[in-house]
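With chain A held as given, fit chain B onto it using these hints.
Each chain is listed here by its residues.
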Amino acid sequence: MNPLLAVTSQQGWTIAFVAVTFSLYLAIAWLSRVKDTKGFFIAGGGVPAPANGMATAADWMSAASFISMAGLISGMGFAGGVYLMGWTGGYVLLALLLAPYLRKFGRFTVPDFIGDRYPPAPGSTQATATSGQNYARLIALLCAIFVSFTYVVGQMKGVGVVFSGFLGVTPATGVFIGMAIVFVYAVFGGMKGITYTQVAQFWVLITAFLIPAVAISLKLTGQAIPSVGLASEVLPSLDPARPYLLDKLSSLNQQFGFGSYTEAYGRDSGKWNRLNVFCVCLALMAGTAGLPHVIVRFYTVKSVRAARWSAFWALGFISLLYLTAPSVAAFARYYMVDDIAGLNGKTADELPQWYHDWNQTGLIAWVDFNGDGKLAFTNNLTDTSTDGINVFRSREPADSWGIIQPNELMRVGGIPAAVRGDILADPDAWVEANGGGAAAKTELLALGGAHHPDRDIIVLATPQMAQLADWVVAFVIAGGLAAALSTASGLLLVISSSVAHDLYYKIMNPTASEGQRLLVGRVAIGVAVLIAGYFGINPPGFVGEVVAFAFGLAAASFFPAIVLGIFTKRVGTVPAVAGMLVGIGFTAFYIVTQKADVVLLNAEVAELIFGPPDSPIRGPWFFGIDAQGIGTVGMLLNFAVTLALTPLFRGPPGEVRGLVDAMREPEAGDTALPVADGH
Amino acid sequence: MTDRSEALRAARRRYWRTNVTLMLSLLGVWAAVGLGAGVLFADMLNGWRLGGVPLGFWFAQQGSVATFVVLILIYAVAMNRLDARFRREVERLDAEPVEGAS
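Top line first, the protein sequences correspond to chains A and B.
Sequential numbering from 34 applies to the first sequence in this note's numbering.
Sequential numbering from 161 applies to the second sequence in this note's numbering.
Since the hints were made in silico from the structure, they are not lab data.
Please note that a few of the clues may not be correct.
Chain B regions said to be covered by chain A (calculated; three or more residues, Cβ under 8 Å) [to be verified]: (1) 206-213; (2) 226-233; (3) 243-254.
Partial list, derived from the structure: chain A residues whose beta carbon lies under 7 Å from chain B [to be verified]: (4) Met118; (5) Tyr298; (6) Phe311; (7) Tyr355; (8) Pro699.
Some residues of chain A that are not near chain B, with every Cβ distance over 12 Å (derived) [as the list claims (entries may be wrong)]: (9) Ala49; (10) Phe55; (11) Val217; (12) Asp382; (13) Gln393; (14) Gly406; (15) Asp503; (16) Val505; (17) Ala677.
In this text, a Cβ means the ideal position worked out from N, Cα and C, and glycines have one as well.
Isolated chain A (complex conformation) (with noise of 0.2 Å):
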C-alpha cells in the first residue's frame, strides 16, 4: 500500500469525524443556552441521573484519563494501578461522604460551602455583608481557582499535541480550534450547555476507547472484552506456546531490562515501595473527592436522591473506560517490547507505518548509539552518564541473554525545534557530529529530550500498532479531543463560578442584579478560556508536574474542611481555617523543595533558594515519601491541627449547627430542592 495514500485517507477520515463531532457539540450547546444565573451555574440544577453520571464521567475523564493514563499504566506495571484505585476510589468518598450533603445544602459552588459552614465571625451566620473578613471562603476560592487553571492548561495542552499529531497543524492552532468550540458553547450554554455537550462527548470519547481496545484484544487473545483478554493467553499464531498474556508481557520485560509487569513491590517493581503506592493512592483519593469541578456536578440534579443516582451512574460509566485502560496498556506495552510484533530488533526499512507518523511529532524517535543498525528498546535509565553503551548487563547473570543493548528509544518533543529537525532528519548524522555514543546520547538528555518514547503514544498509536483501519484511529483522535473539551469547559465553568458568585457577587458586590452577576461570569469564562488557551500554546515547564500535584492540594485543603463540616457540630471556623492552611502550607512547601528546578522557574533559582540539587532538603526527606502522596500528610495534617484546636475555641453559632442539622436530615418528599440563590 502506498504510504502517502494511507496517510491522506486517514486524514480525510480525522477531519471528518473532528467536524461531525464539533458542529454536534456546537448545535447542543445553541438548543441549551441559558438566560438566568441558575441555568448558566448550575443548569437549572434539573438534570435527570443518568444524563448527569455521563456529563460528570465526561467532566472527569480528562485527556489525562483518554490519553495519558493507559500510557502510566503500561510503563509502571503495578503500580500504575493507583491512579486507577485512585482516581475512581474517590468517587466512593464522593459519593458517600459529600455529594448527598452538598446536594442538601444547596448552594452553588465549594468555597459557598465553607463560606457558610465557617462564617467569619461569631454571632453573623450570613456571610454576604461582612465577607470582606470571610478568610474561609477566600482559601477555598483561590484553591479552587489554583486547582482548576493547572488543570484546564493540562486539557489545552493535550488539545494541541493531538490536532499536531495527526493533522499536521501547529500545535498553536490546535489550542486556538479547541478555545474557539470551547468558548462557544461554555459563554452562552453556561452549565446548561456544558452539561448536555459533555453528554455527547461521554458517548464520543467511551465509544473511541472501547473500539480499539476490543479490536486489539480480539487480535491477541481471541477474546472481545478486553478485561477478559488481559486474564487470557495469547493466541497461537503470536506465541504457539500460548502463555497467559501478562506471563509473556513480565518475561519480555525482564528480558529487556525493566521491571516485572504485575509483581507488586520488590527490587525490580520499580520505583514507589509500599509506603509510597499507599500515599499516593489516598492522596489521589482524596484529592478526587475534593475537586471542584467534580463536586459541582452534584448542584445539577434536582434531589439528594438523584445525587445519589447520578454518583453510581458516573462511576459506572467511568468504570468503562477504567476497567479497560489496563488492558490496553498491557495490550500496548506487547506492541513495544515484543520483537516479533513490536520495534525490537528492527531495523530501519522494517520499522512499521506508525513508527514513521509518529516520529515526526517528536514522541518517539529511534537514535541508533551504538550504530548497529538495529533498534533497542530497553531499560538502563541509570546509566547515561558512563559509556555503559554495550556492555550493559542482564539483572540474572544466567540470563542466556547476557548482553542487553541500550535503550535507543527516545522522547525529542523537548529538544528546541532546530536541533529536533536536525535528529528527525538523519539521527547517524547527528550522533556522528555529536561524539557518537554516549556523548551524543548525554548531548541529547542534556537538550531536554527524554530515555523513553512519551507516554501518550501508548492511546494514540496503538490503534496503528495493531493495524487497525483508518476510521478507527480518526474516531480515537475525535474521542481524544472529547475528553480534552469536555474536563476543560467544566473547569473553566468552575473558575467562572468561583469569580462571579463567590468574588463578584459574595465579597465584591452583594447587591449585584441577576443581569450584572450573568454578565460577569460570561466575562469570566471567556477570559479564562484566553488565559487557558495562552498557557496552553506556552506552557510553564512546571504543568505538567503541577497537575499531579493538584489532587494533593484538593486532599490537604477542602476535603478534611467539609467532611469535617458535615459530620461535626462542633468544629468551629478557626480551626478548621488553621487545618487548611497548615495543610496546604506543608504540602505546597514539600512539592516545591521536591521540584524546585520545575516549580522555581530554573535551576539557579532553586538552587538559590535550597541549595545544590543533592541537598537532603531537595530529596524525600518525609519518610521518602514522594512529592505525589505528600497530600495525603497534608491532609492527615489538616486534620490533626483542626481536631486539636477545637476544643481551644468556640464552636460553630446556632445558625450554623441548625445548617448542619438540616443537611443532614432527609428532604421533605421526592420533589424538587432548591438551590438557594443566595441570600
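Same frame as chain A, but now just chain B:
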C-alpha cells in the same frame, strides 16, 4: 405536642445513626479492597491467580474499580430506602395528633 417533637427527634437520631453505620461499613469494604488488597497486601495476594492474572495485580487494576461501583450502588439503594422510611415515620407522627383530637 412535646411527645411528638420528642418522637421526631428520636426518629432523626435513628436515621442518622443508621446512615453513619451504613457509611462506615461500606467505607470499611472500600479500605479493605482498595487500600488493603490492592496496595498493602498485594504482594501476598500475588501468590494466587485468577486466570492469567496474579490476584494482587487483579485487585489493583480490576477488582477494586468493580467493587467501588457496587459499593455506590448499595449505598444509593439503601439510603434512598432509609429516606423513605424516615418520611413514613414523620407522616405517621403528623397523623397521630389529628386522631387524638377527634
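Hint check:
1. 206-213: With 5 residues closer than 8 Å to chain A, the region 206-213 of chain B meets the three-residue bar; holds.
2. 226-233: It holds, with 6 qualifying residues against the three required.
3. 243-254: Satisfied; 3 residues make the cut.
4. Met118: 5 Å, holds
5. Tyr298: Nearest chain B Cβ about 5 Å off; hint holds.
6. Phe311: Holds, about 5 Å.
7. Tyr355: 5 Å, holds
8. Pro699: 4 Å, holds
9. Ala49: Fine: 34 Å to the nearest Cβ keeps Ala49 (chain A) off the interface.
10. Phe55: Holds, because the least Cβ-Cβ distance between Phe55 (chain A) and chain B comes to about 31 Å, which exceeds 12 Å.
11. Val217: 34 Å, holds
12. Asp382: 35 Å, holds
13. Gln393: The claim stands: Gln393 (chain A) keeps its Cβ more than 12 Å from every Cβ of chain B (closest is about 33 Å).
14. Gly406: Holds: least Cβ distance 36 Å, greater than 12 Å.
15. Asp503: 31 Å, holds
16. Val505: 24 Å, holds
17. Ala677: 23 Å, holds
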